[in-house]
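Hey, can you work out the whole structure from these sequences and the hints?
Residue numbers (my numbering), protein chains in the order written: chain A, 1 to 487; chain B, 1 to 487; chain C, 1 to 487; chain D, 1 to 487.
Some hints could be false.
Pairs involving identical chains hold if they fit within one copy or between any two copies, as the list cannot separate such chains.
[As the list claims (entries may be wrong)] Below, a list of computed lysine-lysine pairs in the DSSO-like style, where the Cα atoms sit at most 27 Å apart: (1) Lys307 / Lys339; (2) Lys162 / Lys100; (3) Lys260 / Lys296; (4) Lys260 / Lys307.
Think of the hints as simulated: they come from the structure by calculation, not from any bench. The model shown is predicted, which means the values in this text are computed figures rather than measured ones.
Protein chains: 4
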Amino acid sequence: MADYDLILEGGTVATASDTFDADVGIRGGRIAALGTKLGSAARTIDARGMLVLPGGVDAHCHIEQESSTLLMTADDYYSGSVSAAFGGTTTFVPFAAQHKGQSLRDVVRVAHERAGPKSVIDYAFHLIVSDPSEQVMGQELPALIMDGYTSFKVYMTYEKLKIDDAQMLDVLTLAREYGAMTMVHAENNDVINWISERLLSRGYTAPKYHAISHNPIAESEASRRAIDLARLIDAPLLIVHVSTPEAAASILEARNRGLKVYGETCPQYLFLTADDLDKEGMEGAKFCCSPPPRDKAAQEAIWLGLKNGTFQVFSSDHAPYRFDETGKLNAGPNPTFKKIANGVPGLEVRLPLLFSEGVGTGRLTLNEFVALTSTNAAKLYGLHPRKGTIAVGADADIAVWDPTWKRTITHSLLHDNVDYTPYEGREVTGWPRLVLSRGRVLVEGETLHAERGSGKFLDRVPVPPKDPAATLNTPLDPAANFGARLL
Amino acid sequence: MADYDLILEGGTVATASDTFDADVGIRGGRIAALGTKLGSAARTIDARGMLVLPGGVDAHCHIEQESSTLLMTADDYYSGSVSAAFGGTTTFVPFAAQHKGQSLRDVVRVAHERAGPKSVIDYAFHLIVSDPSEQVMGQELPALIMDGYTSFKVYMTYEKLKIDDAQMLDVLTLAREYGAMTMVHAENNDVINWISERLLSRGYTAPKYHAISHNPIAESEASRRAIDLARLIDAPLLIVHVSTPEAAASILEARNRGLKVYGETCPQYLFLTADDLDKEGMEGAKFCCSPPPRDKAAQEAIWLGLKNGTFQVFSSDHAPYRFDETGKLNAGPNPTFKKIANGVPGLEVRLPLLFSEGVGTGRLTLNEFVALTSTNAAKLYGLHPRKGTIAVGADADIAVWDPTWKRTITHSLLHDNVDYTPYEGREVTGWPRLVLSRGRVLVEGETLHAERGSGKFLDRVPVPPKDPAATLNTPLDPAANFGARLL
Amino acid sequence: MADYDLILEGGTVATASDTFDADVGIRGGRIAALGTKLGSAARTIDARGMLVLPGGVDAHCHIEQESSTLLMTADDYYSGSVSAAFGGTTTFVPFAAQHKGQSLRDVVRVAHERAGPKSVIDYAFHLIVSDPSEQVMGQELPALIMDGYTSFKVYMTYEKLKIDDAQMLDVLTLAREYGAMTMVHAENNDVINWISERLLSRGYTAPKYHAISHNPIAESEASRRAIDLARLIDAPLLIVHVSTPEAAASILEARNRGLKVYGETCPQYLFLTADDLDKEGMEGAKFCCSPPPRDKAAQEAIWLGLKNGTFQVFSSDHAPYRFDETGKLNAGPNPTFKKIANGVPGLEVRLPLLFSEGVGTGRLTLNEFVALTSTNAAKLYGLHPRKGTIAVGADADIAVWDPTWKRTITHSLLHDNVDYTPYEGREVTGWPRLVLSRGRVLVEGETLHAERGSGKFLDRVPVPPKDPAATLNTPLDPAANFGARLL
Amino acid sequence: MADYDLILEGGTVATASDTFDADVGIRGGRIAALGTKLGSAARTIDARGMLVLPGGVDAHCHIEQESSTLLMTADDYYSGSVSAAFGGTTTFVPFAAQHKGQSLRDVVRVAHERAGPKSVIDYAFHLIVSDPSEQVMGQELPALIMDGYTSFKVYMTYEKLKIDDAQMLDVLTLAREYGAMTMVHAENNDVINWISERLLSRGYTAPKYHAISHNPIAESEASRRAIDLARLIDAPLLIVHVSTPEAAASILEARNRGLKVYGETCPQYLFLTADDLDKEGMEGAKFCCSPPPRDKAAQEAIWLGLKNGTFQVFSSDHAPYRFDETGKLNAGPNPTFKKIANGVPGLEVRLPLLFSEGVGTGRLTLNEFVALTSTNAAKLYGLHPRKGTIAVGADADIAVWDPTWKRTITHSLLHDNVDYTPYEGREVTGWPRLVLSRGRVLVEGETLHAERGSGKFLDRVPVPPKDPAATLNTPLDPAANFGARLL
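Right, dumping it as structure tokens:
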């Protein structure tokens, strides 16, 4: 019997810290050894000239999910996971999204029903908590966290999803107590609605007004508020899809102070601007997402944030809607900016875009790229070290990356179920030639080898503080820090 | 006939900018001349060795006003104005406070009915807008501004008073368009309630928990949010009764950026701390106000803010409740901290406290003292140059101040209708010997000369931007600053 | 006999704080009264429609002074003071400049010899201390301060003038002890020389390289260093001619912290840019000054600094050199940028430029204009309240200002002895119609009424801390603040 | 023949990014494989329950080096390297220190003569450049960089070592051009000397005055200045032994802006304070180092800096002097604070102290510990990936760390040649049980196995920018960033 099921031979391995030449020996779906002259293998694949990277972890994507208006995304778990795989992403964490009145347990059950039979890559679920009722907060959510659903997102905007500040404090407190991670979509709902109403009432309805209605101040304000609430509770907080220099600065300032505040950004904030929404006719609808792309100065600030420690996570926020009546234009052929389905696709191009424009230009090191696209998300969401790195014992989720492969992004190249890409025509250098999931070849060149449903659900282990009980019962001292005592 | 009705002779006049020796000639209630050898006068008062200061303008006090729980203040316009006068304050601007459902016009009418027959000093009214209904925003408020009620306060906390962010944007927009000043009580309502509920549910009910429930973050957060909203609209904003270093820093940062953001603080944040709330039994109730006094470090930060341009206005936030069943203890002899009437008295001691501890110690110049206690408030609220300075043409509202008069503050010394003072036993140096209102002697030593109702209402003139119409109708440009265009 | 020598009738008086309509009664060269119906006067001047402003105080100008290369300025005390007067400036404070090896006493004597017989406006001298020898620091400077020379400038650049950090600490310590004000030209000498040498060695010699050699970092660095040294000693410091956003930010940050740090800027940093140095041939030499004008963004930052409290003083830094072999081109017709005489004229246009672009556009209030051009300088340099305001007892130094007078700045309009103006062709609105010095008419329209030498020297009174001796002898405590103890 | 020379079995490997269970297979002094079931080995060591960490890299230590007063350190390369090894450090980078007038080549030759025959661990040299003469800058230093001496330190203080700002610009420019790293000791020399002279002249001579003379402002100022100079040149800069909150804040601010500025701190700034210098008699001399330990608040700020990305490197700044006439007291038994030999030992306890108080308390993760003590220094100084990590191909420099080993630090425990430790009596948990260098067992428990001189010199490869020539010859554009163009 061979020593290994598979050996990747002669490649250059990169982790979030190191880059080194090594063969990778895989056994039982896991990385069994890194080294040279490792021994025999049932199969050997030549990786010379290639980078051997941990498969991407996309921690923010909407797959087979109803929006707040109950519109279903274009991608289900099959097309979504296949598209991810072709882009080098081997783990994703879509949302199990609660709508008001729903049981979180039901929501999770449905997510499993959707993902289980279809996904070709491994997955976990973030919960979306939009209705923190007594039932949810008192029973369902604690139980779900302890069952391994250790992250959830809350919204500060969208009428049907948003929670108020008191509910946010409840959520943060529970997250702290049980050891979960709270993600937040931080935009001030009143600001956006107030501007939108004025715009609509004056007849400003074109897609570009979407960007105007989501004024940068809406995002800056809500980001700071969310940080303040997390600071009060002394709970970790991750602000998703950051688009503005000010919000980035607030996150960095919090991190500088040592707060457990984290930031995420996405390709659309590096590569698109609000001008893209101002195209002929409804064409701008293709670029409508929230927060919207901003301007060139914001792009520079976001790039800086990837370098200076503002952002730990680079996700796609893949929210796939076709440019037709099933998606972007579901409210009619000429909807106001408020009725355009909200979101852009990006699951497959996330890694190639950042590699090409980040590593290729010298803005980011290869190790920073690995950290931003894979390792950090795995760590923050409890998937590391099983996912997110090339290390002994880790799942053999690997992108064998050709750093010299020049490709022009065009929709037909991609495998999602959307009918356009916002990055149409952009040339990138660097793309995976081979993608492994737990040692199985998922993608080889242009060919998919995965079976529907071969992806597995990943449950996780919450990390509560050492003595949560103690923190709950301590008498209050006026002179003491509130957060440290009340909880 | 004499050249002047009255000449104040031989004193040292101080304005916000200058200090100089001059006689003050008063004619027809106004300052007719400053100089030497001015001529003849019907009456001459010797002011040698005295400072001749503009009478104080107290821009934040609650007089004959129902709280949100409909509790009436201990002071009516008579006792309130008399107390003010004895402390050197010759103008005050109490609130005409709307409760939900009330017509602003009615509220203003009632305020006039209360003040007119009683006040011995001149007065204007800030409106409190708690119910920005269509009627109020579309008709009453614009009309009232144009009638001279050019300032109003909104609350971000108190269930029965608070407005939400969208309403705040409406108010700021209207204020900008019509040229009024928006004041804001900035504390995050959810944060305070959330903490309070946890405290009460665990049995923490003593007065000191009032301070704990009003966590500094509640104030910092709301202050920043209010600034962000004002920034969006490009409207002036004055944050009242600032107590925390962080809120002060946010105001200063906004001012450093050139925003029209202003700050006010009060004696309780310089001279009291949260420890005062932690006295035996219910004694701490005497010090309950919102925001609460903080700690020594906060006091230092507030002093610095008086010096470095954070604060323009030093007001009393006089909110007088007796320490009995008509006031502090109206909910019973042993109320929880949520049921204690909220507020401290301070109208009469405002100037002496700041003079003694500010000018007397060298922390503030005499001119800064005048600016903080009189001139700046008059300017910001449209009363200048009629009030707030010693200048030709100004009303002869003058405090003839003895900078060497040592007094120990004790309740019996004061003229308000409260039965205690939070500054009991504190020794101060400097107090007015003589107070004039429009040339009339109001107070001379320990004697009151004023007649009930001799104070006059001051209407004001709004200062709208030069082309408000233009700003309202300009088409929107995605690249342009929103605030500058939409309004 | 008339009550007054002169009454200015019907104008609008403005101080740093107030604006009011009043007649100004002048007696014995001083303002004797402000008021209406003041009485009789030997002469009455109609000021209706005019602003009655305190004459400008120009606290930074080089008059009849040798540069570090011993080049004499184009203006002597006659042409300089006349030019000042025509622009509404009634007091100036040129430099008595020490060169290495010189006795400060001699320097002061020479300054008096130059100014006394010629100046038509009142004047004081700042010392320039370039050689803080034992003789100077131990004897001359303390004695001079006590004699009323209470301000001095030091240089951090120019080979022949600069002092090092230890000497700066000596100067600051002495200034603190004796109650004087230290001004500093803050640019890092090494940075400028290092860049200059590289430029020259590569053949980059044109005037525009002057601006490149004075990299903004040279100014930012030295400004911060000077502030740090002053902070160590706890001594006041005024940074002159600030041109960069970063230096401005450092001053503001120091002021926000409550340090006694002050800032000055000049017209060239509001109205010129480095592009002006890049004109055909040697034309750019006309705009060479140090620090050099920067760019549009810097201009905006400097304007903001005038509004937000960064700058207290707006001076001309008038350094007049003709564009010929006596001045700019004294080293030959085609000098390298290092050999061009350094400085621009601006004494006469200082007030009109700031009034027109500041008050006229709404950027500054009239009172801020008065403070920046007159009052604050008088206060910081010990001339107030005799100079710098319109108040009873002050010298009757008054600019009767026509706010509607439109003029195009051109060299022939001006009265200095320079043969160009850097502001050629700029249209301004607002100029004095009449200028009084101690009640005498200096300028009336286009006519000069002053006699040579009619200006008087102004001595001043140092303001030492209350117990300088105590601070000198206190034993050192490791835990204590150094600055507060050692001195 | 066995597959491996040595297998470490059953331990938990940690890198700067990952922690995983793996055996480590070593062949030819290098890590040949990480994995399980790796194969046969000539020797197998049981590492169960142990952490398998990359050996420490101490990037700041003074070994067999003359101080600026020509005092030789107590440790030579034998005792120094042995002490390092016992503390888990397997690579160090002492200084080859130039004194004024010396040839750098000679200095390097001497360093090799000293280290080669004695060191038991691998080593490289930082140069100290104190005399950047034409010979040094034009020939020796470029040649040395290209020979692999790619880092050097400069001093802003110490009379005999300091360079001025212009020389610093030369050094930074050369470093940029040739791809070297500049380290800087950042304290303002004038400030320290100025205070020292005042102290000495007043008779304040005890050790504690060392801390007073090195006022925090001296460090803050120089740190900011160094950053400004590096910013001008756009060259990397590493500020060593940072002790103050302000200096730390300046580094972080520079890093937030994306500058290539790095920070180092040391155990003395986490575990000692200025109070330690205030012990009976001369005892305080044991704690004299520069910068000196500060206070508790500074310690907290430095801890925060280890967490928030201010500091990349945690070094010992081991500067060993015995508490006798050969060291601390070489100037006599009772020297003034200026004559005490400057420095504290710390080479052996560096890792245990940080592990115990950092990882043990939860302040730092294990991976952060590895990064701070080993990986980052290896990366910044060009030793990675050969040193600083556990990865295939890396030298097998490994500390097998027992995280549960409780020890009380006392001098007799340590292996340096100093007669005291500043950490006497401190209890720590965590110490290496076994230390490997290139696969050889150096230390096993209390036993040393290394041979004198078995350590090897590590030369390095400079990393110049891609087109240094281009940057040198580009014509200058006034509008362009200077740093990017002139070089």
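Q: Could you figure out if Lys162 and Lys100 sit no more than 27 Å apart (CA to CA) within one copy, between two copies, both or neither?
A: both (10 Å within a copy, 26 Å between copies)
Q) From the Cα coordinates, with 27 Å as the cut-off, is the pair Lys307 and Lys339 best called within, between, both, or neither? A) For Lys307 and Lys339, neither the intra-copy (36 Å) nor the inter-copy (44 Å) Cα distance is at most 27 Å.
Q: Up to 27 Å between alpha-carbons, please classify Lys260 paired with Lys296: within, between, both or neither.
A: between (29 Å within a copy, 23 Å between copies)
Q | Alpha-carbon proximity context of Lys260 and Lys307, limit 27 Å | A | Answer is both: 18 Å inside a copy and 11 Å across each meet the 27 Å cutoff.
Checked against the numbered hints above, the structure violates only hint 1.
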